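Trainee: What follows is each chain in one-letter form.
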Amino acid sequence: MPDAQQSTLDLMLNMGPQHPATHGVFRMELAIDGERIVDVIPHIGYLHRGSEKLCEHEIYSQIITLFDRLDYVANFNNELGLVLAVEKLMGIEVPERASWIRMVLCELNRIASHLLFAGTFGLDAGAITPSLYTFRDREKIQAIFEATSGARMMHNYFRVGGIKEDVAEDFGPRVEKLLGELERGIDEVDRVLSFGDVFLARTKGVGVISGPDAVDWGLSGPALRASNVPYDVRVYEPYCLYDRIEFGVPVGSQGDTWDRYYTRILEMRESVGIVRKCLAAMEPGPIMAQLRRIARPPRGEVYAHAENPRGDFGVYIVSDGGEKPYRLKVRPPSYCNLMALRDLVVGQYVADAVVILGSLDIVLGEVDR
Amino acid sequence: MTFTVADAARTALALVGLFLGLMVVVLFLTWMERKLLARIQQRAGPSLVGPNGLLQPLADAVKLLTKEDLRPAEANRFIFWFAPIAVVLPSFLLWTTIPFAGGLAVRAMELGLIYLIGLSVLEVVGLLLAGWGSASKYSMLGGFRAAAQLVSYEIPIIVVIIAVAVLVQSVDLRHIVAGHTTTIAGRTIAFAGQGGVPLALIMPLGLAIFFIAGLAELGRTPFDIHHAESEVVGGPFVEYSGAHWAAFYLSEYMNTFFISTLAVLLFFGGWSWPSFETLLGATPVWIINALGVAWFLAKVLVVASVIFWFRGTYPRLRIDQLMAFGWQVLVPLSFANLILVAAVVYYGWPIWTLTLISIPVLVGVAWLASRRRADPGKVTTVRMYRRTRRADGEPVLVPNGTPGFANPDEPSTAPSAAPASESAR
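Protein sequences appear in the order of chains A and B. Each residue of the first sequence is one higher than the one before, counting from 7 in this note's numbering. Each residue of the second sequence is one higher than the one before, counting from 134 in this note's numbering.
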């Protein structure tokens, strides 16, 4: 070596955008020293479709279809965020039945999303079996969605002022049956994954973020609650009819990956309870408010947010009084949660980076928009 | 010893037969693993090609062999093409000395165990070559992981094998299975063989170490860090395709089969437990041998399916945890086992004292290892909160005193700061 002073260089490891652990087209540029991560540069934008700009050229009922494509594993929740914002701006009173149905579908979607998370998180940690259990159960939820909205993912079912059409007659019994199966399925995942020695060794104490730090980074949803910050939009700023029913909110105390994982597992159980209560409270009635065919909100601006599976999903709309928004901005929870990645990952092992990224549960459709 | 043309022809024929036999076994093993995993995961598994998908591995093999062989532009040509051979060759040569029944081996060696130890260490060279020669960072990381892992877990395996050899006073696999009598320093030592009592009952500690270290040696779950899909994608094999990738795959399954075979030979009595000679009395040798081979293979498949079962159950350890487990638990344990066996042999204690001592040791270690485990009530740090209303009517979340897992004994941890509040509707 010509250079008298020898030194070692960090290895630049390019993880993604085509990598099984990045859950989509996310790219991490890792600088590693052996197996230790020295630095990480996240790259996003591979899935950027300009959704927010596109929204300025669509009327509100068309925007709903664009929102389906943001967080593509929690489509109903996205739709809800949008219609809540528009309804708030227009001051619309949504019929109760529509609200109950929305809550049922959103909570089912939360379960579906968390199931997907639990399965892929197991894959990240190297366990292949839980993913198949969770996909099996998620499929049953998708079947209900398909029967309700006609689509498995891109539902386009919620409307400003209500929902597209009433649910089928057998909706209640079918969901009721599904809930029992889901409870068993969640227990199964819990038994096969949550308390295994190897799994605990991989996730306990890994990727710890303290409560104040989590708040500072703008984390939300399960990732925030795992750090012992009891905040849930459904409780603090109730929308739909969440203030009418009783439900628990799981809150972690360590802020590590295991807490982020288990918070979601417990949340699924709570969601099952919420769906039960919604079904019990549901009564026949109108499903749409009396409105003009094309929603035309008044001049002004509005911010509404809802608790998505991934966190606090906010929609900010500026209206010039026309039938299309003048400006629309989304606060995507995945994007904000992703911001904490560098803090969590630096100093950990490469294998931990995978688990930590998995525990943040990002969906790139929402990060890149 | 003269070596005639007839000898050479016989050996060549035996090698070809062995290779074809191994191919069939490997194809069957891949099918079995997929079916077993499918069972565990509530899927059907391969089901279309042949009865119950039995021919699926054959179809896969045809596909792999007809695929294009790609080499990354930056890769070193010689190393890249040589690595699969360096991996496959040792894992095939291992088999030449494995006796399948009484006298059935391509070349039964008196120093068989030493030959096996020497060859099985070679595989890491191939993996390292593949990792380095692929000019891919994932490959390199995987290659280095493989080197670190395989070298560390060789030690407990070898020490356990030495312990068996010490107990049996022979490194000949036939002696280990069928017993022998030897004279050392004027003392005659007779090892009855495993026809009556398999070594698993005499040396359960050794078996446990051998099996766990064997899993690591194979790079199978939970020790599959060197080709961890979610981390280094495919490890050393990530850049390979077609026939060369198939070679790695082949060697992997041959090794899985090999470790299972060795476990059966060393600990489960190989072909001679239960002993067909004593069961059937006077029978032609070929019948005894055929039964022995069938029985032997059945046992090997059971061990292999335990390995596959692990794959369906466990997540993957991290590299530091894996190394710590190897060096801090398995290596000391294996040496303790060796010392124990040596003491028993040296002082001429009855052989069952080994069982008496090693079962408590095994149980103690298992207890120590599991002490911090899986009591959900203790482990969980996630608590349920519930909604109440503050005095001014604003909703607020407070802990409801029950932890996430149903455990009604837990005292309420509601902070006193939370104002006296009526619960929400």
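The reader is advised that the hints may include incorrect statements.
Unchecked claim - Chain B regions said to be covered by chain A (calculated; three or more residues, Cβ under 8 angstroms):
1) 142-153
2) 360-366
3) 439-447
Unchecked claim - For each label pair, taking beta carbons as the anchor points, the in silico distance ranges come out as:
4) A:E307 x B:A457: 50 to 58 angstroms
5) B:Y480 x A:G353: 50 to 58 angstroms
6) A:G353 x B:G375: 33 to 41 angstroms
7) B:Q461 x A:D219: 27 to 35 angstroms
Hints are computed from structural coordinates only; laboratory data are not their basis. None of the values given here were measured: they were computed from a predicted structure. Backbone N, C-alpha and C define an ideal beta-carbon position, used for all residues, glycine too.
Trainee: All hints are to be evaluated individually against the structure, with a verdict given for each.
Mentor: Tested hints:
no., hint, in the structure
1, 142-153, "violated (count 0)"
2, 360-366, "holds (count 6)"
3, 439-447, "holds (count 4)"
4, A:E307 x B:A457: 50 to 58 angstroms, "holds, 56 angstroms"
5, B:Y480 x A:G353: 50 to 58 angstroms, "holds, 52 angstroms"
6, A:G353 x B:G375: 33 to 41 angstroms, "holds, 40 angstroms"
7, B:Q461 x A:D219: 27 to 35 angstroms, "holds, 33 angstroms"
Hint compliance for this structure: hint 1 is the single one not met.
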